[in-house]
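Heads up: the protein sequence lines correspond to chains A, B and C, in order. Be aware that the first sequence starts at 576, since it is given in my numbering, and climbs by one per residue. Be aware that the second sequence starts at 576, since it is given in my numbering, and climbs by one per residue. Be aware that the third sequence starts at 576, since it is given in my numbering, and climbs by one per residue.
None of these hints come from the bench; they were simulated from the model. There may be inaccurate statements among the hints.
Stated by the list, open to error - Here are the simulated lysine to aspartate or glutamate pairs, EDC-like style, with alpha carbons at most 16 Å apart:
| hint | chain 1 | residue 1 | chain 2 | residue 2 |
| --- | --- | --- | --- | --- |
| 1 | B | Lys598 | A | Glu882 |
| 2 | A | Lys598 | C | Glu882 |
| 3 | B | Lys755 | C | Asp662 |
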Amino acid sequence: MDALQNTWYPAAWSEDVGTQLLKRTLLNESIVFFRTRDRTPVALANMCPHRFAPLHLGKVIDDTVQCGYHGLRFNASGNCVFNPDGDGITPSAAKVRSYPLHERYGLLWIWMGDPVLADSTILPVYPFMENRDRYHPVTGYLHVKTSYRFMIDNLMDVAHVLILHHDMLACPGLALTKTKLVREGAGIWANRLATNTTPPVIFDMMWRRTRGDYTSAMDHWAESRWDAPSLISQNTGVALTGTPREAGLETKNCHFATPETDKSTHYFWAICRNFDLDNEKFDEEIRAGTQYAFVEQDEPMVEALQELVGDREFWSMKPALLQGDIGTVEVRRALDRLIEQERGASNCSRHTAAAFG
Amino acid sequence: MDALQNTWYPAAWSEDVGTQLLKRTLLNESIVFFRTRDRTPVALANMCPHRFAPLHLGKVIDDTVQCGYHGLRFNASGNCVFNPDGDGITPSAAKVRSYPLHERYGLLWIWMGDPVLADSTILPVYPFMENRDRYHPVTGYLHVKTSYRFMIDNLMDVAHVLILHHDMLACPGLALTKTKLVREGAGIWANRLATNTTPPVIFDMMWRRTRGDYTSAMDHWAESRWDAPSLISQNTGVALTGTPREAGLETKNCHFATPETDKSTHYFWAICRNFDLDNEKFDEEIRAGTQYAFVEQDEPMVEALQELVGDREFWSMKPALLQGDIGTVEVRRALDRLIEQERGASNCSRHTAAAFG
Amino acid sequence: MDALQNTWYPAAWSEDVGTQLLKRTLLNESIVFFRTRDRTPVALANMCPHRFAPLHLGKVIDDTVQCGYHGLRFNASGNCVFNPDGDGITPSAAKVRSYPLHERYGLLWIWMGDPVLADSTILPVYPFMENRDRYHPVTGYLHVKTSYRFMIDNLMDVAHVLILHHDMLACPGLALTKTKLVREGAGIWANRLATNTTPPVIFDMMWRRTRGDYTSAMDHWAESRWDAPSLISQNTGVALTGTPREAGLETKNCHFATPETDKSTHYFWAICRNFDLDNEKFDEEIRAGTQYAFVEQDEPMVEALQELVGDREFWSMKPALLQGDIGTVEVRRALDRLIEQERGASNCSRHTAAAFG
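All chains should be modelled from the sequences, with the hints used to inform the complete structure.
Shown next, in the form of structure tokens:
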């Protein structure tokens, strides 16, 4: 499929994988997850090599998956270690693929490519996901019937907020600024900053409840960073104009889009706020607000878009690009290049078709 | 698809298009309809050229469609006239196709081919749809999961009435007559006339209620006319044998079948009666009766037929044709020829495979 | 499709075909069944050769099928014998295929290949299905969304009982035996016998209720026989160790899997017991138990397996075979050979890829 293989994808929130089997399709591959008794996470190909039963219909016994059809048991390495039937022989061919996993930021990350290349040090760094003294996270998962590419497009693009999220997140002042592209290592930032403006409804509300009334204008920033393969992190905040960012309210967010199939995506989100860390009511409101913005506004759009576009390739459709698309476009091109490199292809000529304005 | 492009198709009943966006797929193309404040109808391709969002998820603002994703606005010509974001530039490439529309007979007609060729004078003439002194119309719309070709087959064929509509519309006397083919300009009539017969249940009922009991035998006629691309009009009536048609009861009907996809159809119908024009109870009964005959009798048949036939081509299946099929067959051939002409093809040899009886 | 044509398949239980039309798809062909007034069963291709309406939407009149669209009538031979319309001519091309049927064992058997080759004497013999003095049958039908090949795999394989049917049918003693392959004519038996063991829960229960408590160990056997194309019969029973089989409890069963499409199957089952023949409560319990074992245990497995395997060919996936698969494997190979022979192909090389252990 149109996706990087030799890279880490979030596969599940850590707490969603326990001693029961969890089935999940990633990059068109059916995979079964569980933990051994020492909490080590395991990811195995979800098909018994004997007669091809889905392993997720079996159960976990003694740190192995027992196939629900004939009872072959596979350990964390994917080797068959027990056959309850007949002569009890476990054929050497009875082996399932085991996927490298890495656990960090409360997520299980999976390596879909060559296991030899799996290197957990290449994972991007998200300090706000680990610094509980300064940030409090609220997290969630959604299944979306659109390509992970359209999810990245959406998340790298601040411009859509004005219209699609007109009620809670929109900021007319921010809409009138230009998006600034910033490269940081292999990451790509698309940033906007509005000074001397009126904040979005959601920040106005949070400010009043945490800091009280205010009379000054505000600065509002919205910054999205992409890291390969499909990891978006964001800074979104407000501060009274003339005061430093640190004195304001800010959420640092993760929006990770893992391909399920060519046209569906596992979406993992985390909203980490730097204010009122212990306020559980805020947790609930942020959860509800994020669900609302995504489920009621983004999701119907990106799913209908996917249905309309069908199998057509993005660049071949010659998008009429705007200034606000520079993040989306740079990221599409960067990811195209990485995928082509991985495939050993060097021909990038097809990108020359797209042009701004 | 297997359909004429340079022709008018009914797209919607006039009253179904207002200032709200209406999405409808025609000939496999997704189209969005609305009216400007002066009631001018507009049909635009339902895909924003920016990042491919379906326009029907947006809204109408100042006689333009505002895309629900990033807020680009498109006027009735399909030109982008406003970009709310960033530098506000509206790229010249940001243009959507605008389809010619023509409003007549209470319908919006759309031209799916080359707009330069759109010519409203080639629309067939249906005087009974406009002469309210002599005819009172009852109209409806149905979505049918069958090819528009099978709809035409059905509507050009009186022979199926005896069996499929055995309870209300069948006339054994009419079934024993032969279908007569009459060409009128580019139109094709398939006509039947039974003299000295018993009328269908529905006409017997209407006669008794409007004229009272009768003792004479009746004449009954059923005539279907096809005009390109898929427009059927009908005369169906009864008169006491020996009296002129004009002294009888008659409905003049339209049955227009517009392709939605290769296997689904928008069906627009109108039943125009020449009796008891102001009787609202008749309106309701005709509406209910037409719905009954179609939804309970024709629709299950033509939908199951479509499912059974699948992607096979009609002529390649070598239909065993009957005398009563001459209308259906002549129309299929005429339409095949028009489609081939439009495609610049002149090879009509495949039709020689079909033979009567 | 991947199935024998010149052979008998069960099409329906005899009592499910009466004077009403029954539509059923077999080997991807839509077929309509009914009986004439003298109870002769008829199977016709379910498509009118006139304008391709599905005949099952019509009705039976005077031992013919009347098409529900235009009323053509077809007799048991598939010849058009009546046209109610117009000139009444029945074109010689108006003929539908009539499939040879044979009625035995309470089933209607259909011949899908060349009618000239249809020979009812090649039907396998199932004496227990006809000897009501010694066996009492309980029968059923299920529609399963899996290939008939996966149904055969399942039914020829005793090994899966230990795990998938762990609660009622499993016998740990039997699981520790080896499957013995026995050829009998063109049939293939896969047999297991455990002596001196504890019986499955279901037999323990039936023994106690029919014979009372017991203290001896038991022998338990489970034997499956395949006959082409997809007919499995079984002997399953228990006897007190040291006593002959005849003194024990046994069911002789039929499990017949007829392809509907490439990925769905008509499954006909019969459980014939040699004890308490008149006990109607046992009838109900056997019916409920068989439904439970199949619908709750086998069906979810073989349907999920089918979905996971998709269109991949079994041997190309290189199954890691176990001793208990010898029945399944021999039958797959035998059926592959028959299908290849029927196609006139002699190349059996693809089977060499599979190897045990």
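Given pair status - C:Asp662, B:Lys755, alpha carbons within 16 Å = Given that 16 Å is the threshold and the Cα spacing comes to 12 Å, the pair holds.
Would you mind confirming whether the straight-line C-alpha gap from A:Lys598 to C:Glu882 stays at or under 16 Å?
-> holds, 14 Å
Would you check the hint for B:Lys598 and A:Glu882, treating anything up to 16 Å between C-alpha atoms as holding?
-> holds, 14 Å
Checked against the numbered hints above, the structure breaks none of them.
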